[in-house]
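A.B. asks: These protein sequences, in sequence, are chains W and V. So in this note's numbering, spot 28 of the first sequence is number 28, and the numbers just go up one at a time. So in this note's numbering, spot 213 of the second sequence is number 1213, and the numbers just go up one at a time.
There could be a bad hint or two in this list.
Keeping only pairs whose Cα atoms sit at most 20 Å apart, straight-line, the calculated SDA-like set for lysine to any residue is [stated by the list, open to error]:
hint, chain 1, residue 1, chain 2, residue 2
1, V, K1132, W, H95
2, V, K1132, W, L96
3, V, K1132, W, N8
4, V, K1132, W, T107
5, V, K1132, W, Q106
6, V, K1132, W, H155
7, W, K188, W, E117
8, W, K188, W, G25
9, V, K1132, W, I11
10, W, K188, W, I74
In short, the hints are calculated from the structure, not lab data.
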Amino acid sequence: MSFDLDLNKRIGETEIALRLEAGDGLTVLFGPSGAGKTTMLNIVAGLLEPDWGHVRVNGELLYEASGDPWIADINVPPERRRAGYVFQEPRLFPHLRVRANLLYGQTGLQNQQAPVELAEVLDFLGIAHLLDRWPRTLSGGEARRVAIGRALLSHPRFLLLDEPLSSLDRARREEIMRVIERLRDEVKLPILMVTHDAGEAERLGTRIVEI
Amino acid sequence: MLTPEEWEIVLLSLKVGGVAVLLTLPPGFALGWLLARRRFPGKILLDGLIHLPLVLPPVVTGWLLLLAFAPTGPAGRILQDWFGTTVLFRWTGAAIAAAVMALPLMVRAMRLSIEAIDPRLEQAARTLGAGKARVFRTITLPLALPGVAAAAVLGFARALGEFGATITFVSNVPGETRTLPLAIYSALQLPDGDAIVLRLAAISVLLSLGALLASEWIARRAGRGLHVL
Chain W
1 MSFDLDLNKR IGETEIALRL EAGDGLTVLF GPSGAGKTTM LNIVAGLLEP DWGHVRVNGE
61 LLYEASGDPW IADINVPPER RRAGYVFQEP RLFPHLRVRA NLLYGQTGLQ NQQAPVELAE
121 VLDFLGIAHL LDRWPRTLSG GEARRVAIGR ALLSHPRFLL LDEPLSSLDR ARREEIMRVI
181 ERLRDEVKLP ILMVTHDAGE AERLGTRIVE I
Chain V
1001 MLTPEEWEIV LLSLKVGGVA VLLTLPPGFA LGWLLARRRF PGKILLDGLI HLPLVLPPVV
1061 TGWLLLLAFA PTGPAGRILQ DWFGTTVLFR WTGAAIAAAV MALPLMVRAM RLSIEAIDPR
1121 LEQAARTLGA GKARVFRTIT LPLALPGVAA AAVLGFARAL GEFGATITFV SNVPGETRTL
1181 PLAIYSALQL PDGDAIVLRL AAISVLLSLG ALLASEWIAR RAGRGLHVL
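Excised from the complex, chain V in its bound form (with noise of 0.2 Å):
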């Protein structure tokens, strides 16, 4: 049903999409522990800045992580010189864009799911003798795993949904940055495109509905039963 070209066009947007999620996770989780548990100074700063991708125009999103990586930027530079290396109009820089847009979404989702979580049997656990390191192993994370499940499947629609800070930020280089949204789009400039953008529309239904499916049974099964008393 699918042309090759087109099969690589879904293969490389799952590649980008799951690269993003899997790149946003651990720093994701940090940020919304931070945001959920502390206190510190510059913390309505942080969750502005973490949350800016979310309200910006993408272009705008874009166009800076260009500045950044560009090889005169200071990560473009960094790349450059330490691992002779560029994310520019390749695929990495397509996850990176939509590890950016996905960031605030996920960061949200964990967030909620740890502020969820009742210190106090995170005390209880200290006292049966568990350091810091083990509550966290044993406690935090298993409880906030429906959050971190949430997140992921979140992040990786709204990766897979990115269109306007990858097309500035990395380009439409076919087979190596043209995901879902982008070969829709050069589709649509093609005079007989249109066959090609139904099936990739249709596609694209296709994964955003099972993402949404698999975060709500998700959600489900975390609000069995998680209860303190």
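Isolated chain W (complex conformation) (with noise of 0.2 Å):
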């Protein structure tokens, strides 16, 4: 089972649940905007706590909170979840260049095998020539596939997607609609999505679950 989540979390008055066993491939969670969707993605990533729950990823147990207190509560910090996480907006850091986005989650990883390598993930992005660049010098579609790259890079278990294609223009969008179908084949890392838009969820997703 890629993605075994029970999230449950109340958020001001609104509570939001989620119960989901997916396997390979690329999940959607679709729904319209406010749903909480972005929650999730943030609770499977370790940087929101739910109230009670469970997040299991690849059969590794990230977090669990029975909700009764004489239990130790399981909560793996976001560091060491090893989450790709592409948010809706790039988050690129603006003091460093291109190349030391990229190369920011390999730091302390040199030792072990990268499933894909920086080579291969500029060919595959065409983001090679921006390399020396200032992320404030992007384009929008060229920003988020350096931050795609750059979850790449981080030797991910599973990658997190939240709208990524959203705010880009028909052609920016159809080329990152690519790359995430070849994310989805060629490098199989169990992938969960967000969107709002119908039309990418069918094309996109491998199971669409509905919230």
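With the hints in hand, could you dock these two chains into one complex?
C.D. replies: What follows is the structure, encoded as structure tokens:
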């Protein structure tokens, strides 16, 4: 099972709950804006703690809280979860050039076998010519591709994609869409993707979970 | 152009100001971070305490420092018992007075620059495998650097001008605590001190102007390009 999630979180008056067991490929979380989809990705990434439930990815338990005060919770910190998280906005580090942004997640991992190499990612995403640029000089589509590259190069065990196609023009959308298809079919990492666009969900999803 | 005594005064002022800034930067940054990022009981009180030297008459601040660092005061006793030393009538005391007076300005500058850092960048760094210490070192600190630099310049300028707290706390000892403003004040008391006043005042204007230009330059550099998207 790639993703085995049971997430329950109350934010103000809204109760967010998701129960999901998904196999390989790309799982789409589909629903209207404001349904708490990003909240769920943040919980899986370890940036937000649910009230109770569990998070298991590739069989590894990343979070578990029963609500019973006598049983210790398990909560793996985000830096040890190895989620390749592509946020809704690129979130590139503004004080680092593209190259340093791409390699940020590789520090301390030199001895491990990389699932993808820098050269491969540059070629795959078509961003080799951007290496020495500053993030502020990139277009929206370029920044998004760099953000995807940065996530891929951090040795992720799974990918979280939050509306990866929003606020892009038609040509850029097609470009990123093809990248995601290749990630799904060639890199074969389990992917959890959030979208509110039915077309995207249809085309990219191995399965679609409506929220 | 300056006499050896006047050079000594300028160098002493630079030393006192420099040490005051170095002394204030680490705790000032910690306080700025605390005020920018944390919510805790007593936050408003802490904020008020930090800003107190800005609104108190400097003489009062100096007197409070004197109470604390006098041989019978809490800080003075520790210095005496543990290190066998005192800061009274010493340049180190002048540096402490300048540091306390510069603290509010420095904390404010650094707090603003920390508040301007998008916490979402720090989150992104966490998901890329960086622990809290590495996030602080590689993301928070570099992005706050323009604010730290501005704080240092601002604090230095403030320290150079410190008068009331210094003269109350560590008096006006030539070669030890007589910084530029105190020397100007002393020269004003002399019947033929006008020429000295003029030269020292000119130096003060130059140093202050230099600090202002430096902070402006830093702000402009920092304004370039630190956007999230």
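A.B. asks: Each of the hints needs a verdict: does it hold here or not?
C.D. replies: Right, here's what the structure says about each hint:
1. Among the hinted pairs, V:K1132 with W:H95 is consistent with the structure: their alpha-carbon atoms are about 18 Å apart, no more than 20 Å.
2. Straight-line distance between C-alpha atoms of V:K1132 and W:L96 comes to about 19 Å, which keeps the hinted pair within the 20 Å bound.
3. Distance hint between V:K1132 and W:N8 is unfulfilled; the C-alpha atoms sit about 26 Å from each other, more than 20 Å.
4. A C-alpha spacing of about 14 Å is found between V:K1132 and W:T107, which places the hinted pair at or below 20 Å, so the restraint holds.
5. Pair hint V:K1132 plus W:Q106 holds up; C-alpha atoms about 16 Å apart against a cutoff of 20 Å.
6. The suggested pairing of V:K1132 with W:H155 holds, with an alpha-carbon distance near 19 Å, which does not exceed 20 Å.
7. A hinted pair counts as satisfied when its Cα atoms are at most 20 Å apart, and W:K188 with W:E117 qualifies at roughly 15 Å.
8. Pair hint W:K188 plus W:G25 holds up; C-alpha atoms about 7 Å apart against a cutoff of 20 Å.
9. Among the hinted pairs, V:K1132 with W:I11 is inconsistent with the structure: their alpha-carbon atoms are about 25 Å apart, more than 20 Å.
10. For the suggested pair W:K188 and W:I74, the alpha carbons sit about 28 Å apart, so the restraint of at most 20 Å is broken.
When each numbered hint is compared with the structure, violations occur for hints 3, 9 and 10.
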